[in-house]
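Student: Spelled out from the first residue to the last, the chains are:
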Amino acid sequence: MSTFLWVIYPYICLAVFVVGHVWRYRYDKFGWTTRSSQLYESRLLRIGSPLFHFGMLGVVGGHVLGLLFPQDWTDAVGLSHEAYHVIALAGGIPAGIAAVVGLAILVYRRRTVGPVFSATTVNDKVMYAVLGTVIVLGMWNTVAGSLFTIGGEYNYRDGVSPWFRQIFWFQPDASLMAAAPVGFRLHAFLAFTLIAMWPFTRLVHVFSAPLGYLTRPWIVYRSRDERPGRGTGTRAQKRGWEKVQ
Amino acid sequence: MRPMAQMAMVMNLDKCIGCHTCSVTCKQAWTNRSGMEYVWFNNVETRPGLGYPRGYQDQEKWKGGWTLTKGGRLTLRAGGRLNKLLNIFSNPRMPAMSDYYEPWTYDYETLLTAPAQQNFPVARPHSLISGKPVNIEWSANWDDDLGGSLEHAAKDPMLKGIEDKVTFEFDQTFMFYLPRICEHCLNPSCAASCPSGAIYKREEDGIVLVDQDRCRGWRMCVTGCPYKKVYFNHKTGKAEKCTFCYPRIEVGIPTVCAETCVGRLRYIGLMLYDADKVLEAASVEDDHDLYEAQRSVFLDPFDPEVQREAERAGIPGDWVAAAQRSPVNALINTYKVALPLHPEYRTMPMVWYIPPLSPVVDVVKDTGHDAEDSDNLFGAIDALRIPVEYLANLFTAGDTGPVDAVLRKLAAMRSYMRDINLGRDPQAHIPAAVGMTEEEMYDMFRLLALAKYDERYVIPTAHAEQAHGLEELATDCPVTGYDDELLDISGPFGEGSGRGNATPVAIENFHMLQQRQTSETLVGGGSSAGRVNLLNWDGKGAPDGMFPTSRADRPGEDEAEESGS
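From first to last, the protein sequence lines are chains F and P. Under the numbering used here, the first residue of the first sequence is numbered 1, with each subsequent residue one higher. Under the numbering used here, the first residue of the second sequence is numbered 1, with each subsequent residue one higher.
It is worth saying that the hints were derived from the structure and are not from the lab. Virtual Cβ for every residue (Gly too), placed ideally from N, Cα, C. One or more of the hints may lead you astray.
As the list claims (entries may be wrong) - Simulated pairs of lysine-lysine, DSS-like, Cα-Cα distance not exceeding 27 Å: (1) P/LYS277 - P/LYS70; (2) F/LYS125 - P/LYS277; (3) F/LYS29 - P/LYS235.
As the list claims (entries may be wrong) - A few chain P positions that, by computed beta-carbon distances, are all more than 12 Å from chain F: (4) ARG54; (5) LEU111; (6) PRO121; (7) LEU178; (8) LYS201; (9) LYS336; (10) PHE378; (11) GLY423; (12) ALA542.
Model the full structure from these sequences, guided by the hints.
Tutor: As structure tokens, this is what we get:
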């Protein structure tokens with residue numbers, strides 16, 4: 001069972017994540033959008049959305065630090081275990097709170113503002129449920145596990161982190177996760193579920209972060225003939241009908 | 001010099017009767033879809049008035065267009081690149097649905113299913129957003145014809161500085177109509193605002209378009225456009241804007257709004273301009289200089305050097321010829337009667353307007369004086385500062401000089417032509433008073449009053465060697481099941497997602513259109529499901545489905561009636 005949960009399942013999810021994005025990009029470029037609902041309501045969005053998104057950027061940064069950087073590295077630069085935890089909590093808890101509060105505002109808005117609610121699809125609702133649960137479990141692990149050490153102290157950098165890194169060397173040790181507290185196991189399991197759902201939800205807009213905007217010229221000129229990656233005309237070129245050079 | 005070609009339009013406001021035909025046909029052709037209910041690529045505003053969306057010209061509030069930094073550098077008024085990215089999660093300056101209006105439909109079902117009763121059943125308005133009954137409080141034309149002007153027109157941002165002089169009493173108010181489409185600017189701030197780079201300006205004809213596959217719905221363009229002519233499709237989550245009917249322009253027929261204009265007040269033609277000079281012209285310090293600065297960007301298509309450079313830049317010879325015949329070029333550069341709308345936004349707009357003389361004429365007429373006498377009109381233009389200053393706020397950033405000059409030319413034309421029409425001797429001193437010769441004056445009259453279809457619309461077709469790039473040319477089997485697919489446009493990942501759900505822009509191909517355009521006979525069009533594709537309609541005959549079939553043609557109906565009677 002633990003082999004399935006912590007070896008097979010993550011790989012299935014990651015495969016779906018990668019292949020799914022490629023497929024979605026090719027199948028549904030038109031549907032690849034933030035599907036913003038700002039036109040319907042902007043007062044609550046103005047508070048909730050930046051709070052959530054900037055909070056999430058912090059949370060993701062924290063995960064990179066905690067999961068991808070081995071404990072040896074922080075030890076090597078002379079950062080003690082305690083000091084690391086102080087830094088992690090000082091950064092993680094405000095970011096986490098911002099994300100949770102932002103999400104709460106956004107979900108409240110989605111439920112109570114009529115037009116926004118009617119623009120919410122089943123797909124969205126399922127995604128919000130999983131995303132919300134993952135975030136709440138993550139907060140619980142941080143607050144209960146590290147801050148108040150409810151249920152004993154657990155150093156995830158000895159368990160979860162090595163396992164997570166091993167996934168990318170293709171040698172995950174399932175026993176590392178099996179030994180982790182239930183909160184961490186649920187968080188990891190649902191997070192991989194979310195990763196598998198990712199390409200099929202509106203979350204794809206994360207990969208459209210327009211960083212190129214900082215460097216491109218103000219005005220884009222394009223020839224009638226150029227449609228990068230596609231044929232000309234409204235529809236994609238069909239195989240065998242490519243234009244003659 | 002880097003010559004580029006630009007499709008441009010001039011509208012003669014004296015001729016606009018405010019019938020909204022352009023708006024309606026444009027909507028039929030482009031925005032009669034869900035998510036686009038509130039969208040008017042073309043709208044007609046009554047001035048003075050609030051416009052659509054409400055008060056869009058107040059850039060203190062909406063922060064559209066460009067502005068100069070203290071150092072004299074051009075920058076987006078809504079903030080630079082970093083500022084845009086930091087505000088990407090929630091755009092602080094985006095108009096809300098309430099600034100447009102909540103679109104609605106009526107509950108017609110009630111009328112059809114109501115039982116016999118004492119009172120007439122009423123079709124109540126229902127919101128197209130929430131589906132609930134709504135109280136209609138605003139629309140795209142709520143203040144049409146100065147309706148509620150005491151309350152609404154007084155808030156017109158363009159009355160700033162002259163509000164104390166304008167009294168909103170109906171008998172004293174002047175009024176005219178302002179039809180608006182996207183300006184297809186030389187320096188489009190919507191394109192500059194787009195984080196994804198989805199909005200682009202076409203190299204060939206300068207039409208500004210949104211790549212629907214690249215747009216990610218960041219909504220910055222809505223803020224960036226000072227004319228508020230980029231709209232957010234709230235169903236698909238993508239920005240959409242006026243396309244200058246490019247599938248029609250490519251085959252040489254005018255835009256739907258121009259084609260269907262009852263007053264024939266729109267002119268379409270090419271302008272050649274020097275792309276290297278745009279930035280410099282848009283950055284001149286004084287707002288009053290922007291009109292002349294923009295004119296200085298245009299290139300004279302008769303100049304041999306311009307022709308040589310145009311050839312080097314790949315502009316086809318017949319396009320240069322079309323630029324020479326361009327009515328737009330004549331109105332902007334030869335007669336100098338067309339002015340840009342809000343040059344102070346520094347976007348270098350390319351839909352220009354001939355300001356209306358009629359407010360002045362009306363006043364002179366009302367005083368009992370001869371409203372076609374040049375001296376009376378010249379005197380009135382000098383005396384009637386309110387209409388002139390108002391027009392200057394719209395067209396020259398408040399500089400009354402160019403507006404005065406245009407109105408004097410129109411007034412001179414009016415009285416000069418009266419003498420000719422009445423068989424009197426034409427008076428050469430009238431054109432001379434506005435610096436024109438008699439021939440020039442007559443030519444201008446011809447263009448403004450008599451010009452036929454092919455003089456008003458000089459549109460060079462896109463080239464056959466480029467034809468593979470035309471939207472019209474589908475290389476695979478055209479339009480199978482197009483109308484059936486329309487019935488269900490909700491995709492797996494939200495409205496319009498998935499392959500095959502995007503509605504093709506044009507469903508007829510290049511050759512069919514050309515055939516229709518040149519054929520002598522009436523050609524039907526339209527489709528089986530009763531939808532009429534106005535985008536491809538060229539005024540020849542009635543397409544199938546435009547009118548309901550007559551009773552006699554309907555099968556089965558006669559029998560039913562017979563058995564019933």
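Student: Evaluate each hint against the coordinates.
Tutor: Status of the hints after comparison with the structure:
no. : hint                : result
1   : P/LYS277 - P/LYS70  : holds (21 Å)
2   : F/LYS125 - P/LYS277 : violated (52 Å)
3   : F/LYS29 - P/LYS235  : holds (15 Å)
4   : ARG54               : holds (15 Å)
5   : LEU111              : holds (25 Å)
6   : PRO121              : holds (26 Å)
7   : LEU178              : holds (25 Å)
8   : LYS201              : violated (5 Å)
9   : LYS336              : holds (27 Å)
10  : PHE378              : holds (42 Å)
11  : GLY423              : holds (52 Å)
12  : ALA542              : holds (27 Å)
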